[in-house]
Amino acid sequence: MKNFTTLKILDLFRVIFERFEIDYPTMRRILQVKLTMDGRRPTTIMSQNRGGEKKQDSNQFLKSLWFYAFIGLTLIPILFIGDNFMFKMSLIFGVLMFLIMTAMISDFSSVLLDVRDQTVIGTRPVDHRTISAARAIHVTVYLFFLTAAIVSVPLVVGFVQFGVIFALLFSVTVLFSDLFIVAITALLYYVILKFFGGERLRDVINYVQIGLSFTIVIGYQVLARAFEFQGLQSSFEAAWWNVLLPPVWFGAPFAVILNGASGAYYYVFMALALLVPLIALWIYLSLLPTFEKNLLKLMDQAGPSKKKTTKGMNRLASLLTTSKEEHAFYQFAERMLKNERDLKLKIYPSLGFAIIFPFVFLYNGYSAGGSLDSITSGRMYLTIYASMMMIPGIVIMLQYSSKSKGSWIYHVTPLQGEGVIIKGTLKAFLIRLFAPVFGVISILYGILFGMRIIPDLVIVLLIAVIYSVICFRMLKGKLPFSQPFESAGQSDGWKTIPFALLIPVFGGLHFVVTNVPFGIWFYLALLLFIVPLTWQRGLR
Amino acid sequence: MDHGPGKILSLKGLTKWYGEKLVLDDIDLDVYEGQIIGYIGPNGAGKSTTVKIMLGLEASYSGEVEIFGQNIKESGVAYKKRIGYVPESADLYDNLTAREYLTFTGELYGLTADSADYKARLLMGVFNLEDVYDSRISSYSKGMKQKVLLISSLLHDPDILFLDEPINGLDANSVMVFKEILAQLSSQGKTIFYSSHIMEVVQKISSRILLLNDGKIVADGSFEQLRQKNKEGSLEEIFNQLTGFNEHQNLAEDFVQIVQRDHR
Ligand SMILES: Nc1ncnc2c1ncn2[C@@H]1O[C@H](COP(=O)(O)OP(=O)(O)OP(=O)(O)O)[C@@H](O)[C@H]1O
Ligand SMILES: [Mg+2]
Chain A
-17 MKNFTTLKIL DLFRVIFERF EIDYPTMRRI LQVKLTMDGR RPTTIMSQNR
33 GGEKKQDSNQ FLKSLWFYAF IGLTLIPILF IGDNFMFKMS LIFGVLMFLI
83 MTAMISDFSS VLLDVRDQTV IGTRPVDHRT ISAARAIHVT VYLFFLTAAI
133 VSVPLVVGFV QFGVIFALLF SVTVLFSDLF IVAITALLYY VILKFFGGER
183 LRDVINYVQI GLSFTIVIGY QVLARAFEFQ GLQSSFEAAW WNVLLPPVWF
233 GAPFAVILNG ASGAYYYVFM ALALLVPLIA LWIYLSLLPT FEKNLLKLMD
283 QAGPSKKKTT KGMNRLASLL TTSKEEHAFY QFAERMLKNE RDLKLKIYPS
333 LGFAIIFPFV FLYNGYSAGG SLDSITSGRM YLTIYASMMM IPGIVIMLQY
383 SSKSKGSWIY HVTPLQGEGV IIKGTLKAFL IRLFAPVFGV ISILYGILFG
433 MRIIPDLVIV LLIAVIYSVI CFRMLKGKLP FSQPFESAGQ SDGWKTIPFA
483 LLIPVFGGLH FVVTNVPFGI WFYLALLLFI VPLTWQRGLR
Chain B
3 MDHGPGKILS LKGLTKWYGE KLVLDDIDLD VYEGQIIGYI GPNGAGKSTT
53 VKIMLGLEAS YSGEVEIFGQ NIKESGVAYK KRIGYVPESA DLYDNLTARE
103 YLTFTGELYG LTADSADYKA RLLMGVFNLE DVYDSRISSY SKGMKQKVLL
153 ISSLLHDPDI LFLDEPINGL DANSVMVFKE ILAQLSSQGK TIFYSSHIME
203 VVQKISSRIL LLNDGKIVAD GSFEQLRQKN KEGSLEEIFN QLTGFNEHQN
253 LAEDFVQIVQ RDHR
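These protein sequences, in sequence, are chains A and B. The working numbering numbers the first residue of the first sequence as -17 and each following residue consecutively. The working numbering numbers the first residue of the second sequence as 3 and each following residue consecutively.
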């Protein structure tokens, strides 16, 4: 097993761990095993090959960092907006913390809440504290890499532009923001674990995670607004409610040291940036043993067995599907989407975004000048296309499941082709996930823009159906729910980009068509003809 | 029942609920050095749960569990050093190789990496697995995985063994080796607590048999004692009798009928 550089660096902090009565050598050993395992691709049920073992371990995660490095490039222009560091840096920390926090919640929560370690490590003489610490460090190491990937290019650019003080300051504040995120997330889970148990607990965690992802996006909008009113150049006016925006805390040291800003608010922000992460970390470390004990509650599967199937939904299922097999897969996919928490966690936040984004675009159009009247009589309703942005991201998630090993069932049952599996799943996705979102937006838009947009809404719906079929091609024949989550990499992020770029094309086409007399009716008729074709031809 | 002097394990009023379901109902039990305890009971009786509690995998129970004379809730984790455990489901880090996994778990018990590796390789050799020592466990067959679990539980020479269906998936030859290993360990004073559904094996190697049913221990004694008390020939028959089961013929008929029934 490799002696990872990461671990050698960790050795420097050995004293701190021992301070908290953590068995350092054991923790190090656990981390070494964990890092080794991360470097290995999980073998999916149908792709196990003994020959593969000889291959060099290559960490999938490290490969996915390129994606984050690419996103990091978008931070560079922000560095050059005006001279006000408070503004620039708050914005940068806003983006950074958004990315890290979402990664933390959706990708690393499972590590923090993992109970599988209990049977392998927990039954050996290793105390709870050490297991928990190993787990937290494991997460931190990854967040650290992730952050490094995002900030390293901006850091170099900043160093060249603003000098060494900036670079130092940036490194330290970034480190603190990472600590802040790990500690706060862990504490949040601690509180939830303390107050709930059993099946309920997992539901609560799931809702909190989804809600949190949602809040981050909203908070992000608020952050952007905090500066909007002053214009880009003018100075930042601190207000009391900025205390609620952590990115602003981390922007303050830059303003004080590089802009020479002063005032009570700045000092408060700086103090928060410094103290909150440390205090949160300290609380977390002191609570470690109880954290682990409460974590055991997650193993308790007991709960009232629910049995709820609504008649209406069942009838809809039979109506929409054309064969017994397809019906079976429709229901199967529906239940997976409803019951599998990891999947919900990855999917539901983007559903929320799908509802918000059209309105964000609408609002931006509004604040860019334009009266309410001119908007409602215009064609801003085409912003509804923004709700389709979630489709590629969700469709690509449909191949994963935390119980992917169960997918042998696809291979042993006498199915004629895989079309029915995919059709059933796709229909379940459209009905259970897309339709509600689309319905909500349609109603609101209908009120806002009037009945005249109904044919347009139908067009958008048909386009969404075609578009989902197109997106399903991304899976390249991987069956739904058949891949373990561990094999999901950020390469998925890359894959969705070209598909997402299709959306403005559809929107533009729609816009052109509205300029032609009776254009939308012809377009509508054409789509009604195309949709069945795509379903027959597109899904083989 | 004759037993050595040392009391190794003692349960006092052990009670465990899963939600609304009472799994273990006020169980009292003393286990002495050198005993081989066969722990049997119907599916879902709570055998695995008992073992998990003793290893600290279940924290929410009432009653007292004492191992090596100390309450496990108070004694910290040190007692686990002298325990070996084979879990019921093959829960292990299967994207490690056997070498990596066994060295790792050995080290968690305080062995040095070298001695763990050395012993593990020899033990793998005993089970004819030295060829795959450096292959990933995920490529192993079921029985091969089970052997890794067995080795991992014994590597540090524990004083008490908790084996939850340890011979699950082992071939007949390996079962013979395994039985012999248990016999030799117990003659050295090691205590073995194992659950199994294979009645012949339990009957043959256990010095004491515990039957768990409906959350209570309904039989406790050596095979001879149970046989005298219940006037039955084999452990299987005793098991049937004590769990109140005598309708296997009817149930089987029902089952087959339902399978072949034409719906609609
Ligand atoms: N994590 C859990 N959450 C809720 N209930 C559980 C959990 N684990 C076990 N149970 C319940 O506790 C009871 C006892 O389970 P246990 O696994 O101990 O049975 P067992 O005797 O080992 O059965 P088997 O012979 O099938 O291995 C069962 O009714 C089961 O439904
Ligand atoms: Mg069991």
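Take the hints with a grain of salt, since some may be wrong.
[As the list claims (entries may be wrong)] Pair by pair, the computed Cβ-Cβ distance ranges are:
hint, chain 1, residue 1, chain 2, residue 2, range
1, A, ILE391, B, VAL179, 31 to 39 Å
2, B, LYS75, A, ILE(-2), 26 to 34 Å
3, B, GLY15, A, GLU3, 51 to 59 Å
[Claimed, not checked] Stretches of chain B that chain A covers, calculated by requiring three or more beta carbons in the stretch to come under 8 Å of a beta carbon on chain A:
hint, region
4, 57 to 69
5, 80 to 92
6, 97 to 104
7, 204 to 211
I should point out that these hints are in silico values taken from the structure, not numbers from a laboratory. Treat the numbers as computed from the prediction; the structure is a model and nothing was measured. Backbone N, C-alpha and C fix where the C-beta goes; we use that ideal spot for every residue, glycine too.
Query raised in the report: Any of the earlier hints contradicted here, and which numbers?
Result: As far as the earlier hints go, 3 and 7 are violated by this structure, in ascending order.
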